[in-house]
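One letter stands for each residue in the lines below.
Protein chains: 2
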Amino acid sequence: MDPFRFQVEARAGRARVGRLFTPHGAVETPLFMPVGTAGSVKGLMPKDLEAIGSQVLLANTYHLLLRPGPERVRALGGLHGFAGWKGPWLTDSGGFQVMSLGHMRRIDEEGVVFQSHLDGRLIKLTPERSIAVQEALGADLIMAFDECPPYPSPREYLEASLERTLRWLERSLKAKTRPDQALFGIAQGGTDPELRRRSTLETIRFDLPGYAIGGLAVGEPKEAMFAMVELSTRLLPEDRPRYLMGVGHPEDLVAAMGLGVDLFDCVYPTRTGRFGSALVPEGRLNLKNARFLEDRRPLEEGCDCYTCQTFGRAYLAHLVRAGEMLGGILLSLHNLRHLHRLTEAARQAIREGRYGDFAREFARRRFGREVPPWFREALAAGGHW
Amino acid sequence: MDPFRFQVEARAGRARVGRLFTPHGAVETPLFMPVGTAGSVKGLMPKDLEAIGSQVLLANTYHLLLRPGPERVRALGGLHGFAGWKGPWLTDSGGFQVMSLGHMRRIDEEGVVFQSHLDGRLIKLTPERSIAVQEALGADLIMAFDECPPYPSPREYLEASLERTLRWLERSLKAKTRPDQALFGIAQGGTDPELRRRSTLETIRFDLPGYAIGGLAVGEPKEAMFAMVELSTRLLPEDRPRYLMGVGHPEDLVAAMGLGVDLFDCVYPTRTGRFGSALVPEGRLNLKNARFLEDRRPLEEGCDCYTCQTFGRAYLAHLVRAGEMLGGILLSLHNLRHLHRLTEAARQAIREGRYGDFAREFARRRFGREVPPWFREALAAGGHW
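Going line by line, the protein sequences match chains A and B. Counting in UniProt numbering, the first sequence runs from 1 upward without gaps. Counting in UniProt numbering, the second sequence runs from 1 upward without gaps.
Honestly, the hints are just simulated from the structure, not real lab data. Do not rely on the hints blindly, as some may be mistaken.
You can't tell identical chains apart in this list, so a pair holds if it fits in one copy or across any two.
Claimed, not checked - Below 30 Å or equal to it, Euclidean Cα-Cα: the simulated BS3-like pairs (lysine-lysine) are:
| hint | residue 1 | residue 2 |
| --- | --- | --- |
| 1 | Lys47 | Lys288 |
| 2 | Lys288 | Lys86 |
| 3 | Lys42 | Lys86 |
| 4 | Lys222 | Lys288 |
| 5 | Lys86 | Lys47 |
| 6 | Lys288 | Lys124 |
Please read these numbers as outputs of a predicted model, since none were measured by experiment.
Isolated chain A, as found in the complex:
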């Protein structure tokens, strides 16, 4: 039996609850994946991630390629043997970080040459090398090597880039040898509907176990982003998981889940936590604000995370001001739990056929009377508004 079976278990409009089987356990979608850049979700122990309901962790090929190196991770049993998280892992292809972090030197048909941000070494990443690295890392879900153009980019560039990404997908697939890893293709095309459509249709011709919507959440307006998510989810096959890369704001999750997106990842909840902010239904609390210094309430009433069950805002505000690392840790834990609770509540609402109510209740608390048009339109397109 296919180790990567995906079953849609319930539907409400275009939203769905699914179950994705992997060699390291089955997970329920929609779900949010915490980012463990260098094989560690910053400041959090795997046992704490398990306790808050994390299901899949994401690690960055770029970071692990530079340090400690894929062969070392392979020798130590891959990510599962190395990093203490025994559930499923996903690795990205490295392409995005090469472009955003590396000092890129050259991009051509063959691949990308870049300079390590750590020691200046010149490193070449090609589809074949990206897959070889991801095979050494041993994640359950791996990504094809793609090019993610910046926003905005000229149409000709988007077009040339998406064609190259398709050729790189073909090479990625050919390079792949391990049957216990599922390769996801990534559709590009920027915010150009015609290019996005072409990229998506060409990508799904490869009949892959899962598809990613790439090249979004890179600075474009929300309207443009959700027009692309709407278009993509209409084209992607119903029986494969859909992964919207790099998205982690709660309102984006609610809109995208309504359109049938299944997987999300973002550094946002942990990074904003380390910077002193907490996610709550109303938006975000900046714990540096003096008004929290005497506030005994938990970050979020009704939250079941250790942070909310144990500490008041006053203590957390004190830790943030004092620069105590525990502040960022406790906020990261809460922020991840906040996103996990959001997807759990969404799954339940979908199962109960009331995703529209769920989204409206979310909007009421998050936006008050001024629900942004992009949000309402995405929900309407999903059949919920």
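Knowing the structure of chain A, use the given hints to seat chain B on it.
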């Protein structure tokens, strides 16, 4: 009944196992107290400290006085209500940090005026103010305001300073109002046997619920330090807990427990953990060393802490190199557990009347054939060697 009863439950030579009752629970001695400088043991959640057997946490009056301020902590329920640790707390008097961290401006009979290291404010700390602050913080065990002279200091200075410390103890006691807090007196005297004896004898005349051995572990040779510990523990009453301040190296604990010391504290296990080192029976592993990058073994064979049960040295070495905060967190957790296991094993050895065997076995692993004379002499003076 006295809420601070101390019972000696077992003896082996001069070592003893005791039980100290406090308003927030009874604890077993000898014990090591993790330091939660600003009300947080850096990087560790209270639940993790509980899981590794921490019994008492120490917070610094100096740090909490500057931020968030004692009145704020009082309003939030004291340290117990504020900081998530429901077991006993100990606060120091602030004197030590004033001298080591503050820009001291003046010390006289009245007290100390210093400049905050945070914002340059001038702050006055007197025995009365130190006790008022500690009452607001609400720890179970509080310390008299003392002066801790640097090493070395001229005899005349040590003498004047210990006399002043005695007058400050008297004022500390007079200022104290809360019956649910036990005030410990601190004996000084540097490494001068005559002054140390005088300070100790004058201090115990106050018939206090506990006594601290202060002014040691400030740079003096081990021989001089343990000569003072030996002298102090001979003079201190058998039925009161004895606290050797600022001591946290495993070999120092083993020598001092053999002489009948009951309480210890030090930032060493967490600070050295954040700096990338792990405590093991043989000494210390520096995880920055390249030889650990492929070492799959746990930090310490047989250790029951989460770090050792979950991760190999290779992963921890990777985290340390990558500057991932989880590295320091996992090493701090192990290092504290290492010290707690050391005191647990010592308690068992004392109960079983074989502390000498315990200390020799410790020395064999820690020192090999070259047991330092100060260690052997301290153990011999305790009746174990």
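Verification of the hints:
1. Lys47 to Lys288: both (28 Å within a copy, 25 Å between copies)
2. Lys288 to Lys86: between (36 Å within a copy, 26 Å between copies)
3. Lys42 to Lys86: Both. Shortest intra-copy (17 Å) and inter-copy (27 Å) distances satisfy the 30 Å Cα cut-off.
4. Lys222 to Lys288: within (28 Å within a copy, 45 Å between copies)
5. Lys86 to Lys47: Cα proximity of Lys86 and Lys47: in one copy and across copies (10 Å, 22 Å).
6. Lys288 to Lys124: For Lys288 and Lys124, only the inter-copy Cα distance (28 Å) is at most 30 Å; the intra-copy one is 43 Å.
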